[in-house]
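K.L.:
Below, each chain spelled out in residue letters.
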Amino acid sequence: MIVQRSLHLRRLMASVGPQLVVLLLYDLLVTYLFVGRGWSRLGQDNLPLPLLGTAVALIVTLRNNAAYARWWEGRMLWGQIVNDSRSFVRGLIAMTDDVALQIRLTRHQVAYTQALRAHLLRQPPWPDIERLLPPDTVARVRTAANVPLALQADIADRLGVARRAGLVDAISMAALNASLSALASAQGGLERIKNTPLPRQYNQFPRLFTQVFCVLLPLGMVRDLRLFTPLGSALVGFMFLALDRVGVELEDPFEGTLHDVPMQAITRAIEVDLHQMIGQTSNPPVIETRDGVLN
Amino acid sequence: MIVQRSLHLRRLMASVGPQLVVLLLYDLLVTYLFVGRGWSRLGQDNLPLPLLGTAVALIVTLRNNAAYARWWEGRMLWGQIVNDSRSFVRGLIAMTDDVALQIRLTRHQVAYTQALRAHLLRQPPWPDIERLLPPDTVARVRTAANVPLALQADIADRLGVARRAGLVDAISMAALNASLSALASAQGGLERIKNTPLPRQYNQFPRLFTQVFCVLLPLGMVRDLRLFTPLGSALVGFMFLALDRVGVELEDPFEGTLHDVPMQAITRAIEVDLHQMIGQTSNPPVIETRDGVLN
Amino acid sequence: MIVQRSLHLRRLMASVGPQLVVLLLYDLLVTYLFVGRGWSRLGQDNLPLPLLGTAVALIVTLRNNAAYARWWEGRMLWGQIVNDSRSFVRGLIAMTDDVALQIRLTRHQVAYTQALRAHLLRQPPWPDIERLLPPDTVARVRTAANVPLALQADIADRLGVARRAGLVDAISMAALNASLSALASAQGGLERIKNTPLPRQYNQFPRLFTQVFCVLLPLGMVRDLRLFTPLGSALVGFMFLALDRVGVELEDPFEGTLHDVPMQAITRAIEVDLHQMIGQTSNPPVIETRDGVLN
Amino acid sequence: MIVQRSLHLRRLMASVGPQLVVLLLYDLLVTYLFVGRGWSRLGQDNLPLPLLGTAVALIVTLRNNAAYARWWEGRMLWGQIVNDSRSFVRGLIAMTDDVALQIRLTRHQVAYTQALRAHLLRQPPWPDIERLLPPDTVARVRTAANVPLALQADIADRLGVARRAGLVDAISMAALNASLSALASAQGGLERIKNTPLPRQYNQFPRLFTQVFCVLLPLGMVRDLRLFTPLGSALVGFMFLALDRVGVELEDPFEGTLHDVPMQAITRAIEVDLHQMIGQTSNPPVIETRDGVLN
Amino acid sequence: MIVQRSLHLRRLMASVGPQLVVLLLYDLLVTYLFVGRGWSRLGQDNLPLPLLGTAVALIVTLRNNAAYARWWEGRMLWGQIVNDSRSFVRGLIAMTDDVALQIRLTRHQVAYTQALRAHLLRQPPWPDIERLLPPDTVARVRTAANVPLALQADIADRLGVARRAGLVDAISMAALNASLSALASAQGGLERIKNTPLPRQYNQFPRLFTQVFCVLLPLGMVRDLRLFTPLGSALVGFMFLALDRVGVELEDPFEGTLHDVPMQAITRAIEVDLHQMIGQTSNPPVIETRDGVLN
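Line order of the protein sequences matches chains A, B, C, D and E. Going by our numbering, the letters in the first sequence line up with residues 1 to 295, in that order. Going by our numbering, the letters in the second sequence line up with residues 1001 to 1295, in that order. Going by our numbering, the letters in the third sequence line up with residues 2001 to 2295, in that order. Going by our numbering, the letters in the fourth sequence line up with residues 3001 to 3295, in that order. Going by our numbering, the letters in the fifth sequence line up with residues 4001 to 4295, in that order.
Bound conformation, chain A alone:
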């Protein structure tokens, strides 16, 4: 996620640049053919460009709205993972007296969030899990298709054991279980966003329409603007290309790009917070912004 406030032209160009260069070359060609070679048929100043532009802007806007909603929902769901992880550990503190159980399940919960991040990125979660959990637990979840789900089932299992041993009463058990259900809901929501792309028409039509619009732009402008055509056409085209990029960059928030929801920073912050709550202080450092980007 980009967090710096100032406009970063290099980054903007990296995203819109290539298409803009192609557009500019095409505009120059049209202008050369019309002005230099006198191909007057190229100039079609009756093309309904404003109508087309409005229609393209509307569909791109609609898609961008949906893409932003996905991105923000992804961020909110990670926020719920943060909240419910804290509430789970706070519940452990208030409802059990067994400090060893508190510590063990807190580490478990930290491992769960790291595994969830890796799960969404389709990466192996083992480095973090091996760092946080005892070898036998790691061995038990190693073959699971859905590692965070297996870790949560393992937490439920241990709570069941603790309940039967009288370390947790039934009512506290229900409250802790409610936290786990809330975590499961947030996990399901994250998997939903990961596995369900925007309807492909929302992805492809805006791009297609924007490109068609850019092809028509110099044809509709060259009779009036003549030598200024490349400038005017590229300017309008740039706006529409940029508008299209905004949505494309946001629609998939868990792909490991620099537009991602900053999952690494979030899971590290969870680790620091939860360990603080149970009095553990030797933690890895929080993730800092680097070059204006937070991962």
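Careful, some of the hints might be misleading.
Stated by the list, open to error - Think about it this way: if two alpha-carbon atoms lie no more than 30 Å apart in a straight line, the pair counts; the simulated DSSO-like pairs of lysine-lysine are: (1) Lys1194/B to Lys2194/C; (2) Lys4194/E to Lys3194/D; (3) Lys3194/D to Lys2194/C; (4) Lys194/A to Lys1194/B; (5) Lys194/A to Lys4194/E.
What the hints assert, rightly or not - According to the in silico footprint, chain E covers these stretches of chain D (three or more CB under 8 Å from chain E): (6) 3155-3168; (7) 3171-3177.
Hints in this document: simulated from the structure, not taken from any laboratory. Given the structure is predicted, the values throughout are model-derived calculations rather than measurements. A virtual CB, placed ideally from N, CA and C, is assigned to each residue, including glycine.
Got chain A sorted already, so can you dock chains B, C, D and E onto it with the hints?
P.N.:
Chains B, C, D and E in isolation, oriented as in the chain A frame:
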């Protein structure tokens, strides 16, 4: 659900193509009559096309927003079925000690989700149900009008028996019941989307207006664009037809088309996940994307 | 609620037709006066019609959004009545052993939903209630201003008696009470939509503006379109009138019109579902679509 | 809240009229100077009026959306007060056997809603509170800064006493407490809307822009429309002024104006409903619509 | 947060003024060069300004919608802090008999909200915390990275001690824990808004596009408007610049600016309310509006 990222022209054409061919033929006819035959009355360059286009785009956009919201809500409700199924089984693991009961109710819950999928598609659910449940349970629900509802009532029945036998305490019972209520809510939401189409005006007016607009397009353009009319008119018409299609394809997400919410993949994933949670590993394989489509 | 997919011209005309006829006659008059009588002052081709049209379309769209949201919320709240009725009965099945109590409260709950429908339509609920409940209960609620509320209070009363008799434990009581609270919330939402119309400005301004716009349309077009004016003006006017109707028809979903949320079908389905859950099979038939409309 | 369906011209004029008169006089002046005195510099037919109009309409629409959302949220929160008041009393009926306690707390709850209404209107709540509660309770809350909050704390206090006396068990206590928490949430939401106006820019820019637009309108039209200018300009101006009024009237729903959420009718209906639930029938009459307005 | 209703020109100018002056100087330069010096190439009256303006207005509107949603969500989350703080204290009153515990935890809760405000503003929270809590508690949380989180863990700790001492029963404990979880959720939401800026494209593109549009404005108008160019261009430019400012000012609601959510007033009101509930009356005064601004 289409998941591939690249534009699939064949599929796009299959959806918009027929209307586009009719539009093109009509545009050619208008052009021929105006340019070739000199029917100058056909050229009406004062038609308020931009105004009409804006109005059509607005109503289509409004409908598409509503259609996308329905589709995404359908997906979210299936996501809740996933979450609450997991939470129900996790609750069983933590709150009961009877492994046989855990396995039986987990299989029951898997059957419930398969029956719900079939219920929404108006298909018989029996193959999956017979695979998962013992014959006497199948016999009991066979005459039900609403099979998933009957299966859930059966789960509640078995939980009641277990509670009376002392296998589940009252508080755990309340927690498990809360999961069942959440599942019932999601099921009700899915049935609501299935049974309540978009208001028909939202379906019919956009199509009607788009078609009227396409009829007027060449009449309003032919005086200016002359021989380029078919190109210009078909291009604009294509955008509006495509815009209309986007909404039509999304508005009913449980019809067995390739734009559906991928219920087969979701219910299979539930089966794999739940069985993993109770340690069962012999499962049917997860559903893979085929030809860019996930069912 | 109209459920048929095909465009029903008769129905469309019944809704927009009268205004369209008036508009057409007016357009013909303007054309006759301008073309036939030479009243050239009528032709004002500098009227800012596109600007007006955009403003009218925006306000109508805004209203339609709000009207659709009301209609859909009404449908969702009825969906919650469905869900929570099922959850209430499922809770009864799992949490009480007294079959007579189960049957009695299930019939009570069915009567509650029928009374709620009648309450929203301002109709007397007695036929359904007398069919479902014993005479003494009917007598007790007959003087109530809010019959469904009185029926729910009666359910709570009976549950209180059952709790004191030891038929329902305190925890089950709390769970059943939560279902009743959810039903009360949905009922309150339905009453809110019924009793709170859209702000009257949202209802009246779109209509007023659309009509003013239709009056100006032929004046602004007649100089250019001449004899085609009635066609062009009526076409544009039709779109705006139809757009206005969409919202008007949806904004009040409980008025007994054919655009209503299909409360009769929903309450009947609840009756069939709940009776199925407790094993009762002699039910009235589900409501079928008739002439493309579901009531 | 205005509830009548027909357009009430007197009321519309009371709201938009004064500005419209000023606008009309200004339009007449411009026309007189341009047509009668020949000040041709006044006619600027190249002003970008459509662009300005679109921008103004967009920002006004955005504001109106936000204002409507505030108004509707205010109505929904009052609806939650209704629902949770009913659920609280229904919980009392089902969970306590002490009829005196039921009656006392029900009257308390009615007083709470009346105090909340007065609190939002910044009015003294004492007439209703003295009518409903015993003098010692009135004396205890008289110095409170937030009277409804003090009344709810008093309810909690009495429930605590009842719990210690064994009249309410711990689980019922938790359920009743949940209703009180829901009421506290709705109260907090109502206070939030009351205390947090729309961002002032949302209030001031639409008005400023609409006025600037109205000043420019006749200048941009007078060259084309000449003597028709006052009509055309006033018509367009009227639409934009009316559009602006819609939002202004809705943005603050608890100010005692005729556009308010009808708090008096709602609180009275709560009183009738709650007293019906506990069998009390001597109630003040429900509030009726008067002159098309419900307060 | 600005609360005064009248337009405050000085404040408006402070926000849009500098850019407006630059724009006006540029407009004057263009006019001078075109009219005075005869640089006729500067006048490009075929620039697609309406199309550009619509596109710019759409993207700015989209961003402003998102920014307003962030601001309002920030306000709602603070509202939840208010509600849940009250519900927590009300729960203490109803569920414990230990007045000393009630007072201690209420002060704790007040300190929590003050620490949360300081945490969001990245300010040291110690003055308020030292005023409200005993020195040993202050010492314990002084090294915490997340002070409000540490304070809440401390509350949970004390509740756990009270539960073990028999001062709070298990069911009351669960209800109080639910309030703490709701507070944790709201805190997490506030941190999410603070730590996750709007996607930078949403911040930078509107500004960039608005500025480009303002550069083009006089070029596209000077041929028609001539000496009136600075007026017309500045007017249109002012609207777009102001539109952009609205969003920029709202998008980050916890930065200590005068557009902030008024956290100081809210936390002070919480302090007064909570102390009123437990009968403490010596409080600091509520925060008043000063110069039309509430902090």
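K.L.:
Each of the hints needs a verdict: does it hold here or not?
P.N.:
The hints, checked one at a time:
1. Annotation: proposed proximity of Lys1194/B to Lys2194/C holds, straight-line Cα distance about 25 Å (limit 30 Å).
2. Straight-line distance between C-alpha atoms of Lys4194/E and Lys3194/D comes to about 25 Å, which keeps the hinted pair within the 30 Å bound.
3. Of the supplied pair hints, the one linking Lys3194/D and Lys2194/C holds, its CA atoms being roughly 25 Å apart against a limit of 30 Å.
4. For the hint pairing Lys194/A with Lys1194/B, the CA-to-CA distance comes to about 25 Å; that is within 30 Å, so the pair holds.
5. For the proposed pair Lys194/A and Lys4194/E, the alpha carbon gap of about 25 Å is at most 30 Å, so the pair holds.
6. Under the rule that three or more residues need a Cβ within less than 8 Å of chain E, the assignment of the segment 3155-3168 of chain D holds, with 6 such residues.
7. Beta-carbon proximity to chain E at under 8 Å applies to 4 residues in the segment 3171-3177 of chain D; the threshold of 3 is reached and the given coverage holds.
Violation of the numbered hints given earlier is absent; every hint is satisfied by the structure.
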